[in-house]
Amino acid sequence: MNLCGRIVEKAETDETLYQRGVFADRMSRADPIVRVEDLVKVYEPNVRAVDGISFHVDRGEIFGFLGPNGAGKTTTIKVLTTLLRKTSGKAVVDGIDVERDPGAIRRIIGYAAQEVGVDEDLTGTENLRLQCRFYHIPSVEIDGRVRDLVKTVDLEEAADRPARTYSGGMRKRLDLGMALIHRPKLLFLDEPTTGLDPQNRRALWDYIQSLNDSGTTIFLTTQYMEEADRLADRLCIIDHGRIVAEGTPATLKAEIGADVIEVSLKANGNADVRERAKGLLAVLPGVREVRDYEDGLAVYSQSGSTLLPQIVRALDGAGTEIERLSLSVPSLDDVFLRHTGHKLRVEQVKPASRTPYMGFGPRRRA
Amino acid sequence: MVEFLSEIGAVFGRWIRKTLRRPAFLFFSLVQPIVWFVLFTQAFQSISNIRQPLPGGGFLTFADFTGTDSYLTFFSAAVIIQTIIASAMQSGLGLVADMESGYMDKMRVAPIRRFSILTGKVLSDGFRILIQTLVIVALAFALGVQFASGFAGLLLILLLAAGFGIAWSGISIFIALKTRNSEATLMISILTTFPLLFLSTAVMPKAFLPEWVQTVATYNPISYVADAFHSLTITGFDWSVLGYAGLVTAVVAGLTLTTSSASFRRAVAG
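In order, the protein sequence lines correspond to chains U and V. So for the first sequence, the working numbering puts the first residue at 1; every next one is plus one. So for the second sequence, the working numbering puts the first residue at 1; every next one is plus one.
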């Protein structure tokens, strides 16, 4: 895909190449592009949307914020993109404090919000040209940039039609193109694929990946674990305004280190039954850990499939009825569950990584 | 400075383009003054026959007060003012729509001055109103209105219309940013426009108005602008009337634009 080979060619300096090389880790740790410490945002009267989070984004990486709606993802992005004033804490983008010099930050960042911000009355080309003017791009360069971007975001045929006539995926691509017009060093994508069908989602993933390959640092929020898993080099899991876990998708999943068996009990509401079941399961051979979660118990084990019959036997013997059993290899959803005690709920396009069933043996693995 | 002007130009151009892409708006902004001209000048034709008795006997006629015996000529000013206000009242709606659609955030993350966003918008409103006024003047001319002040007077009419339009769009922006609601903004605009128009000297010479209306009209900024339009249409250049109109417009503009830009700054501050 030719995406952004052109867009970000300027960003592809020796410096970024160096950072993406062998010493990337050491270099970037010394000088992250985003540094956030104890960030708090309270909406009046008293909603702590972001409740004391700290994290950093390294240069050249795709950094992900994974969390459900209302977790504080958009609020954090809005503080970093100078759209929202923080209540307290520190937020620094490329060495610049967000409240000291927002103008300087605006010149180096791109932002594609969850709702697309295109002017429906204008054509794709006109939207892009206008964006050039907002970013003070010299008029001699405007034609070339717009032409390249139209090609990049694959809107050549529709470029001269009003954006009103565009499909959801086309609007999203135009919006992304608008965010890229000034070749930003750092691109913020707030739930870039929410509301897209699987095909458009996959295409956008490829775009994002190739953008990153050509040197743009990307800060992305998502409520889809599949998306975080696939795109993010490193991610934070955020829930209720707090960061509950941080790491690469691989290390986060490795922390779980085992298969996850979810056991729902018929008498789930009964604390005694639940506690008794928990005690029974914890002592089974091969069980590493048993945790509560809203629907029942999560059993972590190295060898889930051999454990299933034992779980059924143990609970059956104690007269505890099982509502539902499911087994999965660790996914980010399990990481989320482990750290928050509940699951990431997404209404649409649920990845088929876990298949609930009654009976024995794993059906399908992610 | 060049950057600043280029920003304003970009925003200005965007709004003009958007207006042109809305044929319905263009159509109605053309039809509305025609309807006004036809309805009012037909229904109120006999207004110009009104006579006011003098204490010592005899009468003062419509022409004695206004300088013309054609109500159509007198009424042109009212059509212009009605159009200015109706058009200016749309102004805030565009900004609220931008805030709802997310386009405002697109501008806010760009290194464009906040002041340019508002200035470009308001100037585009002024320009649109200028063009609409030109259309009405052409229409009036076609209907037989003779403009006493000629070409120079016509330029003054356009200038005053644009200036007063900008002043009035400040009100719309203020209301729109306060309510964040298009329907409410339009309702408030209609509810204020008509009383203000009819409680001014725009549709009726002052002497023919009941006493309390005369008092209201004296404090109604629309009267001063209407007087200027009347003068330029009927009698020619009356510099004291034009001076008052300019002054009143400047004061109204100063008030509405400072309050609306303050609420705009607050709205985009985050």
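It is worth saying that the hints were derived from the structure and are not from the lab. Note that this is a predicted model, so its numbers are computed, not measured. Treat the hints with care, as some may be off.
Here are the simulated EDC-like cross-link-like pairs (lysine to aspartate or glutamate), alpha carbons at most 20 Å apart as the crow flies [as the list claims (entries may be wrong)]:
1) K18/V / E120/U
2) K178/V / E120/U
3) K18/V / D160/U
4) K18/V / D121/U
5) K278/U / E262/U
6) K178/V / E100/V
If you anchor each label on the Cβ, the simulated ranges turn out as follows [as the list claims (entries may be wrong)]:
7) E3/V / R48/U: 25 to 33 Å
8) R48/U / A269/V: 18 to 26 Å
9) V2/V / G95/U: 54 to 62 Å
10) T165/U / F4/V: 29 to 37 Å
11) R265/V / S264/U: 52 to 60 Å
12) F237/V / E99/U: 51 to 59 Å
13) W239/V / D160/U: 45 to 53 Å
In this text, a Cβ means the ideal position worked out from N, Cα and C, and glycines have one as well.
Here is what the structure says about each hint:
The hinted pair formed by K18/V and E120/U meets the criterion: a straight-line CA distance of about 9 Å does not exceed 20 Å. At most 20 Å may separate the alpha-carbon atoms for a hinted pair to count; K178/V and E120/U exceed this at roughly 25 Å. For the hint linking K18/V to D160/U, the alpha-carbon distance of about 15 Å falls within 20 Å, and the restraint holds. Taken as a hint, the K18/V and D121/U pair is honoured in the structure, with Cα atoms around 6 Å apart against an allowance of 20 Å.
For the hint pairing K278/U with E262/U, the CA-to-CA distance comes to about 12 Å; that is within 20 Å, so the pair holds. For the suggested pair K178/V and E100/V, the alpha carbons sit about 14 Å apart, so the restraint of at most 20 Å is met. The hinted range of 25 to 33 Å is not satisfied by E3/V and R48/U, whose Cβ atoms lie roughly 40 Å apart. Between R48/U and A269/V the beta carbons are some 21 Å apart, a value that agrees with the proposed interval 18 to 26 Å.
About 29 Å separates the C-beta atoms of V2/V and G95/U, a value inconsistent with the hinted range of 54 to 62 Å. The hint said 29 to 37 Å for the Cβ distance between T165/U and F4/V, and at roughly 34 Å that hint holds. The given range of 52 to 60 Å is respected by R265/V and S264/U, whose C-beta atoms sit roughly 54 Å from each other. Between F237/V and E99/U, the C-beta spacing of about 54 Å keeps the proposed range 51 to 59 Å intact.
Judged by the Cβ atoms, the range 45 to 53 Å given for W239/V and D160/U holds: they are separated by roughly 51 Å.
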